[in-house]
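Visitor: Sequence:
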Amino acid sequence: MEKSQNFWYAVYTKPRWEKKVAESLIRKQVETYCPINRVTHQWSDRKKVVEEPLFKSYVFVRIPETMKTTVRETAGIVNFVYWLGKPACIPEHEIDLIKRFLHEYDNVEVESFPIHQNDLIQITAGPLMHQRGRVVESGRNTVKAVLYSMGFALTATVRKSELVLLNSNQFRQQPSNVSL
Numbered sequence: 066m067e068k069s070q071n072f073w074y075a076v077y078t079k080p081r082w083e084k085k086v087a088e089s090l091i092r093k094q095v096e097t098y099c100p101i102n103r104v105t106h107q108w109s110d111r112k113k114v115v116e117e118p119l120f121k122s123y124v125f126v127r128i129p130e131t132m133k134t135t136v137r138e139t140a141g142i143v144n145f146v147y148w149l150g151k152p153a154c155i156p157e158h159e160i161d162l163i164k165r166f167l168h169e170y171d172n173v174e175v176e177s178f179p180i181h182q183n184d185l186i187q188i189t190a191g192p193l194m195h196q197r198g199r200v201v202e203s204g205r206n207t208v209k210a211v212l213y214s215m216g217f218a219l220t221a222t223v224r225k226s227e228l229v230l231l232n233s234n235q236f237r238q239q240p241s242n243v244s245l
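In our numbering, the protein residues as written are 66 to 245.
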C-alpha cells in the first residue's frame with residue numbers, strides 16, 4: 066500500500082513499555098515513532114543525560130486501515146487512542162512538529178495548558194469546529210463553554226484537547242465562515 070494512504074495513530078501502551086513496543090512494531094515492519102526526550106538528571110555527585118519517552122504510555126504508528134489488528138495484538142499495547150468512537154488520526158504536521166522540537170531541544174516538558182473560567186476559546190475539532198466562546202466551567206478533561214450564536218447562549222461541554230485559548234483581539238476577529 067502506498068505511504069500516502071497510511072495515517073498516524075496514537076497507541077496506548079502498558080506503563081514503561083514505550084520503547085519495547087516501538088521495537089516490537091519495527092520488527093513487524095510497522096512505521097513507528099516513539100518520541101524520545103533527552104533529560105539531564107542531577108545528583109549530588111554527578112550529572113547524567115537520560116533518554117526517556119516524551120509521552121508516557123504512548124507510541125505513534127503510521128499504518129493503513131488493514132494493519133490495525135496487527136498493531137493492536139502487539140505485546141504491551143493496550144489499545145488505540147480513540148476519538149468519537151474511532152482511532153484518532155494524528156495529522157502529519159503534528160508528528161513533524163514533535164520531531165523538529167525534540168531535534169532542537171533537550172529537557173522538553175509536556176504539560177496541558179490551564180483553562181480557567183472566563184477564558185476566551187476557539188474549538189478546533191468536532192461538529193463545533195471554529196466556534197468561539199467563553200469558558201463557564203473547567204473540569205479535568207473538559208470545559209463547559211458558552212457559544213454565542215444568533216443572540217442566544219448555547220452551552221457545550223468540549224474536551225480540552227479540542228480548544229485553543231484566544232486573547233480578546235483574536236476573539237473579536239471572527240473567521241469568515243462562522244457567525245457568532
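Some hints here could point you the wrong way.
Claimed, not checked - Listed next, the in silico DSS-like pairs over lysine-lysine satisfying Cα-Cα at most 25 Å (straight line): (1) K113 <-> K84; (2) K225 <-> K79; (3) K209 <-> K85; (4) K133 <-> K209; (5) K112 <-> K79; (6) K113 <-> K93; (7) K85 <-> K133; (8) K209 <-> K164.
Please keep in mind that the hints were generated in silico from the structure rather than gathered at the bench. Predicted model, so just to flag it, every value in this text is computed and none were measured.
Visitor: Checked against the structure, which of the hints given earlier come out wrong?
Guide: 3, 4, 5, 6 and 8
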